[in-house]
Amino acid sequence: MEQTSSTYTVSALKYRPQKWDAVVGQEGVTRTLMQAIEQNQVAQAYLFCGPRGVGKTTSARIFARAINDFDASSTEDYAFNVFELDAASNNKVEDIRSIVDQVRIPPQRGKYKVYIIDEVHMLSQAAFNAFLKTLEEPPPHAVFILATTEKHKILPTILSRCQIFDFNRITVNDMVIHLQGICQHEGIEAEEEALHVVAVKADGALRDALSIFDQLVAFAGKKLTYDVVAEHLHVLDHQTYFEIVRCALSSEVAPALLVLDGIIARGFDPHHFIAGLGSHLRSLLVCKDASTLQLMEGTDDIRKQFSEQATQTDLLFLVRALDHVNQADVQYRGSNHQRLLVELTLMQICSLKGADKKKT
Numbered sequence: 001m002e003q004t005s006s007t008y009t010v011s012a013l014k015y016r017p018q019k020w021d022a023v024v025g026q027e028g029v030t031r032t033l034m035q036a037i038e039q040n041q042v043a044q045a046y047l048f049c050g051p052r053g054v055g056k057t058t059s060a061r062i063f064a065r066a067i068n069d070f071d072a073s074s075t076e077d078y079a080f081n082v083f084e085l086d087a088a089s090n091n092k093v094e095d096i097r098s099i100v101d102q103v104r105i106p107p108q109r110g111k112y113k114v115y116i117i118d119e120v121h122m123l124s125q126a127a128f129n130a131f132l133k134t135l136e137e138p139p140p141h142a143v144f145i146l147a148t149t150e151k152h153k154i155l156p157t158i159l160s161r162c163q164i165f166d167f168n169r170i171t172v173n174d175m176v177i178h179l180q181g182i183c184q185h186e187g188i189e190a191e192e193e194a195l196h197v198v199a200v201k202a203d204g205a206l207r208d209a210l211s212i213f214d215q216l217v218a219f220a221g222k223k224l225t226y227d228v229v230a231e232h233l234h235v236l237d238h239q240t241y242f243e244i245v246r247c248a249l250s251s252e253v254a255p256a257l258l259v260l261d262g263i264i265a266r267g268f269d270p271h272h273f274i275a276g277l278g279s280h281l282r283s284l285l286v287c288k289d290a291s292t293l294q295l296m297e298g299t300d301d302i303r304k305q306f307s308e309q310a311t312q313t314d315l316l317f318l319v320r321a322l323d324h325v326n327q328a329d330v331q332y333r334g335s336n337h338q339r340l341l342v343e344l345t346l347m348q349i350c351s352l353k354g355a356d357k358k359k360t
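If you read the sequence shown in the working numbering, its first letter stands for residue 1, the second for the next number, and so on.
Some hints could be false.
[Claimed, not checked] Cross-link-like lysine-lysine pairs, in silico, DSS-like; alpha carbons within 27 Å at most:
1) 19 with 151
2) 151 with 92
3) 111 with 201
4) 201 with 223
5) 222 with 288
6) 151 with 133
7) 353 with 304
8) 92 with 153
9) 222 with 201
10) 223 with 14
11) 111 with 133
12) 201 with 304
13) 304 with 288
14) 223 with 353
15) 222 with 14
16) 19 with 133
17) 14 with 304
18) 133 with 153
19) 223 with 151
20) 92 with 133
Derived by calculation from the structure, the hints in this document are not laboratory data.
All chains should be modelled from the sequences, with the hints used to inform the complete structure.
Dropping the structure here:
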């Protein structure tokens, strides 16, 4: 799994999976591909779709090795049989014609010649047209693996000739487990809550999570705490939002505005605060029912804190507060007084409980 090198190697390359069981968060795809190889049912064209950084190109490389029975360390055999093209920078018809000319020649080693075309949606219309005939009737030794982040831009005629695999966004828990394995291997002491912040920030892309992780290790060394990670990534901690909701439940407008002022003084954008408050209220909402608790992503300690505060809130308060936050989010960019808009939203949320008491 690890590549030995005298120079520094980023984690995304150092821990790039070389076997199926090392691919993170794509069990359905990897299981189907493994079964296809075992049953000798290898198709001649595949389309791997999904967000960036979820393992499309990595899975294509593992698949190319597996169908040729190449060892993971055999770079020479791989270079003879597997050809990679980045369509983002090689999207002209001449680039595709060079592949069409090569594809007729049988492989010198192994059983298949594999052509991996990344970001295939970037090909020009002429390049797509030049590619169609070869994709429809390829020689038996050729396998095409197309990868894209934007399936809707692929021509229907291309889609109809491929087996399509949709890669999922990688869950926060899967990312945290993977990062914990890297920390153990590298001798890094990291709090689970700190790695959770990294995983949330990566937004489903493992490659982004590993880049952020490298950046944090370079900044903080071999010990990653929640406070250090939150500060470096400029993320508002959970306790800030717990305090805002506490103020709202007590109808304390002034303390809530002072918390907001402190947040802005620390350099946070008010819109960032509003988005985070919406996420916090949503987490409280899902924690109110045991059946929706699984929708809450976080460590056991954080879940416990959310569950405790959720018992102090009622459903109507959370729905109204979320409605106010959503309206502020929609109106923020068009507002000439953005801070006032956020402050007004806080005042409205902090007034919800008082208004209910007056009605009663």
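- What hint numbers does the structure not satisfy? 3, 5, 14, 16, 17 and 19
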